[in-house]
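Q: Sequence:
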Amino acid sequence: MTLTARVWRGFGAVLLLTAGAAPNAMAVPTDTTPPTAPDNLHAVSITDTDIVLAWDKSADSSGSVSYALFFDDNPTPFWVSGTQFDVHTNVVIGMIPGTTHTFQVRAEDSSGNASFSNKLTTSFAPGDDTAPTAPDNLQVVSNNSNGIVLAWDPSIDQSDVIYFVDGAPCSPHHAGSATTLLVGSLATDPVCGISPGFTYTFSVRAQDDIGFNSPSSNTLSVFFNG
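Quick note on numbering: the sequence shown equals residues -27 to -1, 1 to 199 in mature numbering (1 follows the signal peptide of the UniProt record, and there is no 0).
Derived by calculation from the structure, the hints in this document are not laboratory data.
Cβ coordinates follow ideal geometry from the N, Cα and C atoms, glycine included.
You may find that some hints are simply not true.
[What the hints assert, rightly or not] Label-pair restraints from in silico Cβ distances:
no., residue 1, residue 2, range
1, 18, 194, 43 to 51 Å
2, 142, 39, 55 to 63 Å
3, 186, 29, 39 to 47 Å
4, 18, 199, 49 to 57 Å
5, 92, 18, 15 to 23 Å
6, 114, 188, 19 to 27 Å
7, 153, 37, 54 to 62 Å
8, 69, 196, 46 to 54 Å
9, 194, 54, 58 to 66 Å
10, 103, 126, 14 to 22 Å
11, 102, 126, 18 to 26 Å
12, 71, 117, 22 to 30 Å
13, 196, 71, 42 to 50 Å
14, 39, 69, 26 to 34 Å
Just need the whole structure built from these sequences, with the hints factored in.
A: Okay, here's the thing in structure tokens:
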């Protein structure tokens, strides 16, 4: 401890002042109590590729609790702002049909104290494992200076399908979900258009949401009048 002294002399008197030590600072209590467990982890909804998880809100004396979701044995959690999480919206851990996964939630307060929910193990349905049927009855609707309009019967599948037409320059041509497509002439499509006076052989196939492709339709040879 260091003492300091100051001396004033005047009128035959001497005054000596000494400074004592400063009082000790009061210790701040440390929070060592974890939040209540985020119990009742459960699935709100589930499909073959998605699961929405929810759990009970944790309570803590600090009033501040954050949540983290653990996926299988991955030591790195996904931070969650509320008490619900849609796995499908997170492309990192999007579900695959026919698989089984385990989830757990951690609640943590501002002091780093943590508690854990129950573990939830869920199996996802196998999902669509069948290719679409072939889009049959490919036919010509019109053949003029604009190009050739093709049409076909729709494919059948468990999910939505899109169509691709082969046989023209720059194939395949994407038809989307429609069952008709204009294969444009060079006048309407200078890069990938078809030329008058040539015969083109077309076919169409379907692709579902999973990525399975159907067999090709019947082939159709068409002379472009132009």
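Q: Among all the numbered hints in the text so far, which are the ones the structure does not match?
A: 12
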